[in-house]
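A.B. asks: Numbers 10 to 567, taken from my numbering, label the letters of the sequence shown in order.
Keep in mind the hints are simulated off the structure, nothing from the lab.
What you are looking at is a predicted structure, and each value in this text was computed from that prediction instead of being measured.
Mixed in with the good hints, there may be bad ones.
What the hints assert, rightly or not - In silico lysine-lysine, DSSO-like type, Cα no more than 27 Å apart, as pairs: (1) 518 - 70; (2) 381 - 469; (3) 220 - 203; (4) 386 - 455; (5) 341 - 374; (6) 455 - 398; (7) 203 - 322; (8) 430 - 406; (9) 386 - 374; (10) 449 - 376; (11) 381 - 441; (12) 445 - 406; (13) 341 - 367.
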Amino acid sequence: MAQKFDYPKSESELRAILDSLYKESSECFQRGERPSFKGLLEIISATETIVTAIHNIKANKGSRTPGSDGETIETNILQRDFDEIVTLVKESLVNYSPKPIRREFIPKANSNELRPLGIPTIVDRVIQECVRIVIEPIVEAQFFQHSYGFRPMRDAHMALERAKFIIHHNSYHWVVEGDISKFFDNVNHTILIKRLYGMGIRDKRVLMIIKAMLKAGVMNETKSNSLGTPQGGIISPLLANVYLDALDQWITREWENRKLNNAYSRDREKFRIMRKTSMKPAFFVRYADDWVLITNSRDNAEKWKARISRYLKTNLKLTLSEEKTLVTNVTKKPIKFLGFTLKMVKGKSKSGYISRSKPCHERLKCKVLEVKRSIRKLRTIHGLKSRDKELFLCISKINSQIRGMIQYYEAATFVNIELAKYARNLRFTAYKALLKAGGKWVEANKVNNLTSIHSGYELKIPAVTINDTVIGITDLYFSSWSGINYYKNPKETPYTYEGRELYRNRTGKKPLRVRADMLLSTTTIELSKWALKSPIYNTEFVINRCYAYNRDKGKCKF
10 MAQKFDYPKS
20 ESELRAILDS
30 LYKESSECFQ
40 RGERPSFKGL
50 LEIISATETI
60 VTAIHNIKAN
70 KGSRTPGSDG
80 ETIETNILQR
90 DFDEIVTLVK
100 ESLVNYSPKP
110 IRREFIPKAN
120 SNELRPLGIP
130 TIVDRVIQEC
140 VRIVIEPIVE
150 AQFFQHSYGF
160 RPMRDAHMAL
170 ERAKFIIHHN
180 SYHWVVEGDI
190 SKFFDNVNHT
200 ILIKRLYGMG
210 IRDKRVLMII
220 KAMLKAGVMN
230 ETKSNSLGTP
240 QGGIISPLLA
250 NVYLDALDQW
260 ITREWENRKL
270 NNAYSRDREK
280 FRIMRKTSMK
290 PAFFVRYADD
300 WVLITNSRDN
310 AEKWKARISR
320 YLKTNLKLTL
330 SEEKTLVTNV
340 TKKPIKFLGF
350 TLKMVKGKSK
360 SGYISRSKPC
370 HERLKCKVLE
380 VKRSIRKLRT
390 IHGLKSRDKE
400 LFLCISKINS
410 QIRGMIQYYE
420 AATFVNIELA
430 KYARNLRFTA
440 YKALLKAGGK
450 WVEANKVNNL
460 TSIHSGYELK
470 IPAVTINDTV
480 IGITDLYFSS
490 WSGINYYKNP
500 KETPYTYEGR
510 ELYRNRTGKK
520 PLRVRADMLL
530 STTTIELSKW
540 ALKSPIYNTE
550 FVINRCYAYN
560 RDKGKCKF
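With the sequences and hints as input, model every part of the structure.
C.D. replies: Spelled out as structure tokens, the structure:
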């Protein structure tokens with residue numbers, strides 16, 4: 010039976026509706042049925058959904074990137090009248106026709122090829138975010154539990170941990186390293202819309218809006234897109250997961266989620282029985298279009314590779330790259346997965362092997378070169394009138410890049426050994442770049458920035474004094490294996506109370522309080538404008554004061 014929902018009148022009601030969508034979708038899926046939801050456009054076009062979408066986009070650095078109309082969120086949303094913006098979004102959703110996207114090309118990692126990015130206008134980004142907010146809980150409830158890319162409360166470390174766990178605990182050492190050729194460019198729109206309909210998006214108005222998003226043309230080009238999802242679009246990662254979920258479900262039906270005549274309380278017991286049959290073991294881990302399949306023999310790995318190639322070609326109109334899709338024995342050679350290399354080496358365990366992971370050499374080298382380019386910009390700052398400010402901002406950016414590399418690769422057991430290979434060279438590059446600005450060698454525990462990191466080290470790093478404050482450029486040497494278990498609890502989700510609590514306990518992050526949406530009432534907004542009569546009381550003021558009210562607990566700060 011199709012489910013319908015009323016307009017949400019507050020952020021609390023919106024959250025409750027999203028939780029209901031997730032619950033109904035999950036319960037149907039567990040019964041072996043497909044849900045059916047109509048009336049979704051009413052939720053998408055609600056004022057509270059639009060405000061939430063604007064907040065989400067505003068928090069993203071990409072909001073400052075102009076689309077094909079040259080507008081950013083500052084100029085085209087936040088500085089305009091609140092009612093005008095809400096009306097514009099609502100009217101745009103009727104017979105929706107997105108403007109052409111702006112195409113940019115960025116270099117691919119470890120390749121001389123360029124990756125095309127499609128950048129929609131800021132209004133189209135708000136509409137995409139409104140749609141994503143509402144359909145995500147429906148499809149999220151049905152996704153394969155070991156798909157990790159572009160999903161809430163999941164990350165690449167969890168995918169790597171899952172692969173390590175399966176290889177180690179099952180002693181399965183044959184891995185198919187999957188690579189789908191130009192996946193984002195070859196998504197078939199008809200198949201994708203059918204997938205969305207099959208997963209419960211039965212509001213045809215919403216499906217037509219998504220179809221229009223997919224077919225949006227490119228600025229300065231006359232034809233519309235007949236294939237692909239534009240990388241750079243807010244909704245594209247979610248749609249990519251919807252598309253590839255067909256592959257997930259097909260593979261896992263054969264092993265991980267296989268239905269047997271007898272019920273087993275534990276998967277371990279079920280797999281023990283299945284190993285005695287002629288079934289071909291297959292544990293699947295996917296992060297966006299990057300995936301690995303783990304099995305027990307070379308013969309089975311080759312058969313799975315051939316089967317997947319046929320399935321992709323026949324059912325999803327995609328091509329498996331024969332050149333990049335490898336069959337590897339991880340006791341002989343490492344696999345590459347999500348910027349890491351993973352190999353099983355002789356060690357003390359029941360199987361006789363333990364896992365060893367490292368940052369992928371090619372990917373790491375590219376990251377280091379990016380940091381070097383940022384460091385060299387320090388040489389141009391000397392002599393500028395605002396030298397101190399520019400110097401501080403540039404050093405802060407460099408430190409963010411270095412710490413970002415460390416935090417990503419700290420899941421690798423050999424992170425300190427691999428990063429140390431580049432540390433000395435990067436350190437001296439930074440020292441030379443700071444010389445003209447008065448740079449000196451200073452012990453890390455004596456600089457005044459990143460004290461939580463630097464306080465434990467006496468290694469000398471390049472630093473400069475700005476307004477009596479010693480600011481140092483941090484070091485790749487300050488890294489170590491985190492030792493954290495990145496196991497993903499499938500119950501952790503933003504769409505249930507239990508899931509949110511699990512996330513809070515794991516990360517220590519408290520959820521944001523819901524907006525004081527009574528401040529968004531038309532009467533209150535109009536009274537504010539009439540009383541204050543100032544252009545500063547724009548969309549940014551209206552949507553931010555709801556959170557400011559929570560922050561100040563409803564009390565005047567003056």
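A.B. asks: Decide, hint by hint, whether the structure agrees.
C.D. replies: To see whether the hints hold, each was checked on the structure:
The hinted pair formed by residue 518 and residue 70 meets the criterion: a straight-line CA distance of about 21 Å does not exceed 27 Å. Distance restraint check for residue 381 and residue 469: the Cα-Cα separation of roughly 19 Å lies within the 27 Å cut-off, and the hinted pair is therefore satisfied. Distance restraint check for residue 220 and residue 203: the Cα-Cα separation of roughly 11 Å lies within the 27 Å cut-off, and the hinted pair is therefore satisfied. At most 27 Å may separate the alpha-carbon atoms for a hinted pair to count; residue 386 and residue 455 meet this at roughly 25 Å.
At roughly 24 Å between alpha-carbon atoms, residue 341 and residue 374 fall within 27 Å of each other, so this suggested pair holds. Straight-line distance between C-alpha atoms of residue 455 and residue 398 comes to about 21 Å, which keeps the hinted pair within the 27 Å bound. Simply put, residue 203 and residue 322 have alpha-carbon atoms about 17 Å apart, close enough for the 27 Å limit, and the pair holds. A C-alpha spacing of about 22 Å is found between residue 430 and residue 406, which places the hinted pair at or below 27 Å, so the restraint holds.
Taking the CA atoms of residue 386 and residue 374, the gap is near 19 Å; set against the 27 Å cutoff, the hint holds. Distance check on the hinted pair: residue 449 and residue 376 sit about 25 Å apart at the alpha-carbon level, within 27 Å; holds. Note on residue 381 and residue 441: the hinted pairing holds, with a Cα-Cα distance of about 12 Å set against a maximum of 27 Å. Distance hint between residue 445 and residue 406 is fulfilled; the C-alpha atoms sit about 19 Å from each other, no more than 27 Å.
Distance restraint check for residue 341 and residue 367: the Cα-Cα separation of roughly 15 Å lies within the 27 Å cut-off, and the hinted pair is therefore satisfied.
The structure fails none of the hints (numbered hints given earlier).
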